[in-house]
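Chain A is already provided as a structure; the job is to place chains B and C on it using the hints.
Protein chains in written order, with the numbering used here: chain A, 961 to 1384; chain B, 961 to 1384; chain C, 961 to 1384.
Errors might be hidden in some of the hints.
[Said to hold, decoys possible] Subject to a maximum C-alpha distance of 35 angstroms in a straight line, what follows is the list of computed DSBU-like cross-link-like pairs (lysine-lysine): (1) 1306/C / 1306/A; (2) 1187/C / 1381/A; (3) 1187/A / 1381/A; (4) 1381/A / 1306/B; (5) 966/C / 1226/B; (6) 1056/A / 1187/A; (7) 1381/C / 1088/C; (8) 1226/C / 1378/A; (9) 1306/B / 1056/A; (10) 1306/B / 1078/A; (11) 1382/A / 1226/B; (12) 1381/B / 966/C; (13) 1226/B / 1382/B; (14) 1187/B / 1382/C; (15) 1382/C / 1381/B; (16) 1327/A / 1078/C; (17) 1381/B / 1187/A; (18) 1381/A / 1382/C; (19) 1226/C / 1226/A; (20) 966/C / 1161/C; (21) 1382/B / 1381/A.
Hints are computed from structural coordinates only; laboratory data are not their basis.
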Amino acid sequence: MHSWAKDLFPICRSLTGLGVRETLQYIQCLIPELKICSVPSGTQAFDWIVPNEWTIRDAFIDDSAGTKLVDFKKNNLHIVGYSEPVDLWLTLEELKQHLHSLPDQPDAIPYVTSYYSKNWGFCLTHEKLQSLVPGRYHVVIDAELKPGVLNYGELILPGELDQEIFLSTYICHPSMANNELSGPVVTTALSQWLKTLTDRKYTYRIVFIPETIGSIVYLSQNIEYLKEQVIAGFNITCVGDDRCFSYLPSRNGNTLSDLVALHVLKHTDPDFIRYTWLDRGSDERQYCAPGVDLPIASIMRSKYGEYPEYHTSLDDLELVTPTGLQGGYDALRKAIEIIENNVYLKSTVLCEPQLGNRGLYPTLSTKESGRQVRAMMNMLSYCDGQNSLLDIAELIDEPFWGLTTIADQLIENDLLQKLEKKRE
Amino acid sequence: MHSWAKDLFPICRSLTGLGVRETLQYIQCLIPELKICSVPSGTQAFDWIVPNEWTIRDAFIDDSAGTKLVDFKKNNLHIVGYSEPVDLWLTLEELKQHLHSLPDQPDAIPYVTSYYSKNWGFCLTHEKLQSLVPGRYHVVIDAELKPGVLNYGELILPGELDQEIFLSTYICHPSMANNELSGPVVTTALSQWLKTLTDRKYTYRIVFIPETIGSIVYLSQNIEYLKEQVIAGFNITCVGDDRCFSYLPSRNGNTLSDLVALHVLKHTDPDFIRYTWLDRGSDERQYCAPGVDLPIASIMRSKYGEYPEYHTSLDDLELVTPTGLQGGYDALRKAIEIIENNVYLKSTVLCEPQLGNRGLYPTLSTKESGRQVRAMMNMLSYCDGQNSLLDIAELIDEPFWGLTTIADQLIENDLLQKLEKKRE
Amino acid sequence: MHSWAKDLFPICRSLTGLGVRETLQYIQCLIPELKICSVPSGTQAFDWIVPNEWTIRDAFIDDSAGTKLVDFKKNNLHIVGYSEPVDLWLTLEELKQHLHSLPDQPDAIPYVTSYYSKNWGFCLTHEKLQSLVPGRYHVVIDAELKPGVLNYGELILPGELDQEIFLSTYICHPSMANNELSGPVVTTALSQWLKTLTDRKYTYRIVFIPETIGSIVYLSQNIEYLKEQVIAGFNITCVGDDRCFSYLPSRNGNTLSDLVALHVLKHTDPDFIRYTWLDRGSDERQYCAPGVDLPIASIMRSKYGEYPEYHTSLDDLELVTPTGLQGGYDALRKAIEIIENNVYLKSTVLCEPQLGNRGLYPTLSTKESGRQVRAMMNMLSYCDGQNSLLDIAELIDEPFWGLTTIADQLIENDLLQKLEKKRE
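Chain A extracted, bound-state conformation (with noise of 0.2 angstroms):
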């Protein structure tokens, strides 16, 4: 996953434009499933208008010596996104108008974006900024704003039933890593494990979209079907670094999504952080919204907002590291295989079995072994049809993962029995 994120850090993404369309296709190749869809600028999606396809080809800031103080392609958070195209000559004083800086991270080029109204803007370390001295600057901003399509990608792996899982990440940030690589490349990795599985229990609706007016477009567009179908999913972003975990519940902390992303953080990284509907800030705010109302948490590592070199140029592939995504794609992969293997389970025979005819019982008693016994008997104690293996889970206070195994051999001798449903 490194490596795709080491491929696709240099290119400028922005809401619209060739950068979205690069890295879809990078992500296409790896999943040639990939559906590439647009959508033309104009198109009204609930209260919003998709916007203007953004171009941006140059951008410098010239001294009156010709010589380049501030250069886009050195590093592509120097433009604000959106900016228009502009070509002149100022002084130091009327430049600093459309300068931004961070005085209290002097070395950091911030991110800045002007989606909705018409600007333009240079990016640059403080430090950069200081050294400025008065005189007359060349400005150059090569770009252009005009109607276009605003792009996404879309992938569904069909299962056993209609019902689906739907995992989102955005694709409409330039050179960040952990806000926002991590989240297209977990994302794709997810993709290709979900494809290995050849019983897929649910149907996986996996999208690649700008924030904000990508899932506003995506919902306009799919709502009806989405609030049938979808039964749970994750808002993937955030999940490359080496910090610790970190939820974000659904607009009602309630759904399936909240109870898989708490168990699986619960007993992957127990001092997890826990935020609030409050503290949101991605596409939850959308699926989540009043009227839509989809079951959707959030995984992360460390949240967007929350860490020092957020929507910075110091958000970069050292903050996002091999093990930092393979955590993020752990945790995430887990919660989809507890909602993939979430059955209701009954007890076949009434009062405790007797395990020990059965070879049940480890021969070798060691502390493992006793604790295996424990889970087994306590698992059956409440398999009473009307608790999912995931509320067992919950009520014995062990991991998911460490109850199917002594499901499946408690299934293999009649103890017992699937159901698909509760119990009534």
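The following block gives chains B and C in isolation, referenced to the frame of chain A:
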């Protein structure tokens, strides 16, 4: 309010009699719509009977030299409420059987009554009691206890709906200020304010009654109608000192009145004291009795029974202050305003609306404007037609009164729709 | 009770056999109505089969000089329960394969059984084990394992209603006192007391069974009737030492038995230990199994598995004391009394009644009388026909047994009405 309290302070109120009528007439001058009602002694009210009317004209203790040692005319707490008439010469020992003082508060005259068993007595400071020397004392109580009436005041302010908000306070305490002139004066001020509201949604029923027997009599006459129409209400008592606020719940603690009271106090005085139903002691005992079950809670400042000056001559107009009364008034008014303005809100667009287009983003970005935008977005995210504005205020931890302007703005912009009822 | 325990202590009990029958006959002398039942070996009971009957006559280890080193006749814990007969000469190394001791408790003989896999063995103190020198040993177990019966005792005390309170205890442990002679002797004492009640509301079903197989056999024969009629019950075990009380819930933890157990223990021993269903280990494993779902909780003193003397020769009649047994008896009797006397109460008057008139106010005002009046008023305030007396005791935080006299007084004064069922 404090000057009203000063005017009313010297009047010798009791369950019945002249003092109650003078008090009600004073209030009637301030609110001409107040109806003064009378119920004859001997009237049955549930398990109770309206007692005889008590008239007290004079009461004193003279020493053998004719010096007035204790004089009702100097402080009406000196006489035990409902004392029978006497004119006796007694030894100090005999007299002491009828004297009440507080050894722990030697400079305070206690407040004592004997409404329902025939008796007489005087209350005095412990200092005065200890200064009495052996000898003969002349005790005179010029009182009368005979059939008459029990009086109360009733004010009904009709609203758009027949559903009622019920406010009750009591006018049976002699010269004490927090318990209880604060209740009547704050209730009078609230009545005047409510009269000025031309678009009241609810009907207001406001009663000024003697405690216990008064609420029982009032309930016995109106219970069926009240049970049908009252949706919220407050017992208004002890709302005049400057100390912390306190809350006493209705019996079940989960009525609209309770939710509103808790919301107001949490945002007014985060350190407010939360009492339980087991700490009750005023007319909620009747209003929330089994089978009566009205939704009545109490918002108070220092609660009866819980402050050192309680039921003594020290509960005076230095303890109760203009700012103390204003604070009590403000909290109750806020509570009423919440009930009046608590609508269900439903977003008119799916997904987040585009606020920028509509000028709903502040042009100047300050800390306060950021807070406003967050509150607006958080509020919108809960406007699903299932949450009332009070529910939303609780969910996003903002004071209700901070959200009404935002709600109005969003309604004006057609982004929100008011529903009078929860969406099914 | 302690003297019964002394009589029963030396008997060598096991799942089946003579010791169980002797024990049941001893109890039958104390409660002649006890029915002793037998179920043949080989009988199927759900997933189990009634095992062969085990007869143990003698067992010892001699050294080569014929000196008895370990002698079953001195302590019946020396023999592993259900040992097969043997008569062998072994080396020390061979012998040690069959010896059990506790290195951490060198002066304790452990309790070991091998009910369901053929085996034999001896238990001895670790001190004794370490004193054994290399050489040849003569091992004799004069035992028999052949078809016979499993015995249990059943006592049914009919009440006014067919609904049942179910008490279960076990009589399969050899010479150990807290676990488990305390259960049978306390249950015997409770049975004698219940017989004296001439106006039992509920029917009582009391069983003395071997643990696990006994409860499974009993359930297999009675499950439908029990599921229909049992409204509460307790598994009576470990109720004889002087240490703190403890509670183990039914599977769902919210049955009447649970509420009652928690109420009794809270007011008996506020520091009682609250275990969870995951700590279970006795017959509640069967009674509360999925599909069985009887409302059975446990009120214990030191819980099985949780005290150092557990399952060793140190669990003796010094650990179990007369006061320990009395405490266990008292707690269970209180629990039963609550269930018997738990009625729904409804006030007959609206608003508070006038207690003074009826002499319900104490004439002498003491701290205790004040507490009584407060309890009376608090109780009355919850008598809405929806709350049972137990609910009210919880709401006003008074022990149930402190409220029954008050309730009776109020019923006599026609202020309260008893309802057998919750008012709709």
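Now for the hints, and whether the structure bears them out:
no.: 1; hint: 1306/C / 1306/A; verdict: violated, 43 angstroms
no.: 2; hint: 1187/C / 1381/A; verdict: holds, 25 angstroms
no.: 3; hint: 1187/A / 1381/A; verdict: holds, 20 angstroms
no.: 4; hint: 1381/A / 1306/B; verdict: holds, 34 angstroms
no.: 5; hint: 966/C / 1226/B; verdict: violated, 63 angstroms
no.: 6; hint: 1056/A / 1187/A; verdict: violated, 48 angstroms
no.: 7; hint: 1381/C / 1088/C; verdict: violated, 63 angstroms
no.: 8; hint: 1226/C / 1378/A; verdict: violated, 41 angstroms
no.: 9; hint: 1306/B / 1056/A; verdict: violated, 44 angstroms
no.: 10; hint: 1306/B / 1078/A; verdict: holds, 32 angstroms
no.: 11; hint: 1382/A / 1226/B; verdict: violated, 42 angstroms
no.: 12; hint: 1381/B / 966/C; verdict: violated, 72 angstroms
no.: 13; hint: 1226/B / 1382/B; verdict: holds, 25 angstroms
no.: 14; hint: 1187/B / 1382/C; verdict: holds, 21 angstroms
no.: 15; hint: 1382/C / 1381/B; verdict: holds, 31 angstroms
no.: 16; hint: 1327/A / 1078/C; verdict: holds, 24 angstroms
no.: 17; hint: 1381/B / 1187/A; verdict: holds, 25 angstroms
no.: 18; hint: 1381/A / 1382/C; verdict: holds, 34 angstroms
no.: 19; hint: 1226/C / 1226/A; verdict: holds, 32 angstroms
no.: 20; hint: 966/C / 1161/C; verdict: holds, 34 angstroms
no.: 21; hint: 1382/B / 1381/A; verdict: holds, 31 angstroms
In the structure shown, a violation is registered for the earlier hints numbered 1, 5, 6, 7, 8, 9, 11, 12, in ascending order.
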